[in-house]
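Two chains, two frames, a set of hints: combine them into the complex.
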Amino acid sequence: AQSVSQHNHHVILSEAASLELGCNYSYGGTVNLFWYVQYPGQHLQLLLKYFSGDPLVKGIKGFEAEFIKSKFSFNLRKPSVQWSDTAEYFCAVSGSGGYQKVTFGIGTKLQVIP
Amino acid sequence: EAQVTQNPRYLITVTGKKLTVTCSQNMNHEYMSWYRQDPGLGLRQIYYSMNVEVTDKGDVPEGYKVSRKEKRNFPLILESPSPNQTSLYFCASSLQGGFYGYTFGSGTRLTVV
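Residue numbers (my numbering), protein chains in the order written: chain A, 1 to 114; chain B, 1 to 113.
Bound conformation, chain B alone (with noise of 0.2 angstroms):
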């Protein structure tokens, strides 16, 4: 079956911990990226990757750190997290660009306490 596969799907942790959202897909997609939802604001985009070793800012990339290896994975990295990186993350895989129309993740909620 095709799909993105994030873990976890839940997290709490403690501000300053470092963390490590995953994500995976098997349908050998060039593009990726990572999403934040939050209540009122929609959805953000954090980092996007068009291909392996090639990644970039999107628009709220501040405290975030990505790295693109494989072509499958697609990793979020929280190096200190802080109570206002809590949200729901969304990582989404596109066949090339996001115009293509985007496969989701089942999402990750996370508590920075």
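Just chain A, with the same shape it has in the complex (with noise of 0.2 angstroms):
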């Protein structure tokens, strides 16, 4: 069965630090990758997803991840966070192709301190 860890559950930083999230994921074939963003009191976005190819993805809002297979992890980063970035954050993984199923992780909430 497809899984996801988010190992951090409740991180604070001050504006400008650097954040990374981690994420690890367990699926046993090609796996699509996803990051959403759910900012307080709203719905999840999509913040980026991951299908093939080059294996740093930017998303929007200056965030990226980077896949690596080999550690079977998918780590959201960003340089310099801002206080608009807290929100609660969910790492997500499905099978590639056709009807796959989606797992989320139970979420990392952030808070950004002015």
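A hint or two may mislead.
[As the list claims (entries may be wrong)] Below, a list of computed lysine-lysine pairs in the DSSO-like style, where the Cα atoms sit at most 30 angstroms apart:
no., chain 1, residue 1, chain 2, residue 2
1, A, Lys49, B, Lys71
2, A, Lys101, B, Lys18
3, B, Lys57, A, Lys101
4, A, Lys49, B, Lys17
5, B, Lys69, A, Lys101
6, B, Lys71, A, Lys101
7, B, Lys65, A, Lys101
8, A, Lys78, A, Lys61
9, B, Lys17, B, Lys57
Because the hints were derived from the structure by calculation, they are not lab data.
Structure below.
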């Protein structure tokens, strides 16, 4: 069965600090990987996704993630966070092609202090 | 504007009183899904639909029903709600499978007392 593990459940950073949120997945095949963001009181929005090709994926709002196949990881990074990045971040995995199930991690709450 | 519309946004109900949460998308997406979000558990899939009249159970389907009579609509039905169904519910749609990336609705916060 596929699964996603997000190690940091709550992260507190000061503005301008660098961010890295960990995500490890378990899946026995070719994967598609996602990061979603949920701002306070809002719905989830797609931040970035990896399907194939360049393992370094750039998303919206300056976020990027790197797919490291050998480590089954898809960590999210941002060089300098802003107060407006305060949100909950979800990593997700699905199989590649067809109607594949998407499994979400339990989320990481990021709090950015001005 | 491309969107997934859920109603209502907030709902308080009593145990056993049937309710329906509506979900509609205007993107001609084939795939639609319902998730519930609970603290410490993340998002768990309740039901999904690959197309009209094609639905299947997700990870936590007990106590829920769905139907897909039209491509745009995917209502979630709680025939006899119980307090353990108090949760935040999201409807999501995607072009084909969820692997294309979901568009989520704004959520429905349900409280069953």
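Status of each hint after checking the structure:
no.	hint	verdict
1	A:Lys49 with B:Lys71	holds, 26 angstroms
2	A:Lys101 with B:Lys18	holds, 29 angstroms
3	B:Lys57 with A:Lys101	holds, 11 angstroms
4	A:Lys49 with B:Lys17	violated, 40 angstroms
5	B:Lys69 with A:Lys101	holds, 22 angstroms
6	B:Lys71 with A:Lys101	holds, 19 angstroms
7	B:Lys65 with A:Lys101	holds, 19 angstroms
8	A:Lys78 with A:Lys61	holds, 9 angstroms
9	B:Lys17 with B:Lys57	holds, 23 angstroms
Violated hint: 4 only; the structure is consistent with all others.
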